Amino acid sequence: MSGGVKVGDTLPETIIGPFDAPSLARYAEVSGDANPLHLDDAVAAAIGFSAPPVHGMKLLAFFEPMLRAWRGDLVISSLAGKFVQPILRGDTVRLSGRVLRATESEIFVRLIAYGAARAPGIIAEATLRVHPSLAGEGRAAKPSVAG
Amino acid sequence: MPLEPPLALGPFRLRVDPARAAAYARETGGDGASVPLAYPAVWLAEPSLFSVVSDLCAELDVVPVHESQSFSYDMPLVAGESYDLRVTMSREATPPRLIMAATVATPGGESCARFETLLRLVPRAGLGSAS
Chain A
2 MSGGVKVGDT
12 LPETIIGPFD
22 APSLARYAEV
32 SGDANPLHLD
42 DAVAAAIGFS
52 APPVHGMKLL
62 AFFEPMLRAW
72 RGDLVISSLA
82 GKFVQPILRG
92 DTVRLSGRVL
102 RATESEIFVR
112 LIAYGAARAP
122 GIIAEATLRV
132 HPSLAGEGRA
142 AKPSVAG
Chain B
160 MPLEPPLALG
170 PFRLRVDPAR
180 AAAYARETGG
190 DGASVPLAYP
200 AVWLAEPSLF
210 SVVSDLCAEL
220 DVVPVHESQS
230 FSYDMPLVAG
240 ESYDLRVTMS
250 REATPPRLIM
260 AATVATPGGE
270 SCARFETLLR
280 LVPRAGLGSA
290 S
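From first to last, the protein sequence lines are chains A and B.
The first sequence begins at 2 in our numbering and counts up by one.
The second sequence begins at 160 in our numbering and counts up by one.
Isolated chain A, as found in the complex (with noise of 0.2 angstroms):
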């Protein structure tokens, strides 16, 4: 579809971190979201964490920009995450992406953020259409292999 985007296709990997403190204090303040777990050590320590994990939909968000960057000319009309192992503080965070379906109409893309563990810390998805003022004006490539 669009621009010859194709199944198995992957994004730039994207770089983004190190947070610290402060960068996790100005997130709370601006989101609402002021869980102590994510700004106090001692909180983080209690439940067993080395430091405070960073705010899961901070990193979610971080995706937008990456979708952007790789492909600013489609509209992203979905994007979900599940937060499966916390990326802590201090973490270099690693964000990946690979298109699982491209059709006619919609791209489907599988996104990872990875911190220093191994396992994925969220596993998420988008989908992204072609935007409507370009629609049948033949910007849209041929269909790639549906997946």
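Read the hints as simulated data drawn from the structure, not as lab findings.
Every value quoted in this text rests on a predicted model; they were computed, and no experiment measured them.
Mixed in with the good hints, there may be bad ones.
Between beta-carbon pairs, the in silico distance windows are [said to hold, decoys possible]: (1) B:Arg185 - A:Gly73: 12 to 22 angstroms; (2) B:Met234 - A:Asp42: 40 to 50 angstroms; (3) B:Leu219 - A:Ser97: 36 to 46 angstroms.
Far from chain A, some chain B residues (derived; all Cβ distances over 10 angstroms) [unchecked claim]: (4) Arg172; (5) Val175; (6) Ala200; (7) Val211; (8) Leu219; (9) Asp220; (10) Asp243; (11) Ser249; (12) Thr253; (13) Pro255; (14) Ala260; (15) Ala264; (16) Thr265; (17) Pro266; (18) Gly268.
Ideal placement from N, C-alpha and C gives every residue a C-beta, glycine not left out.
Guided by the hints, dock chain B onto chain A, whose structure is given.
Below, chain B without anything else, positioned relative to chain A:
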């Protein structure tokens, strides 16, 4: 299986504050040119809404742990505009979860977005042994 009938909350008339949307974008890697897709998450912290969650957690002696989040859009939100937020809150027993399903519409009733928040309800007593 739901524990009890879902609780309907709202509508809440909420505005996308341009300065807050720009700050949210800055903290999540965006350029602030548009309202971030994840911005409606800030509305969950509205006292009128979050007080229901915090009261329930206090009653059950549990801590809410954010398990998953989704956003689905019909049209983008616009900074400075107001929207009506409706939330349906339901509980599941196994595993213990609170599910908040929200719709966002224009004041005229046009659908803009839906989002769903899953909170795992973790017994406060068991947190000390979590890894």
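Which numbered hints fail: Checked against the structure, the only hint that fails is number 6, while the rest are satisfied.
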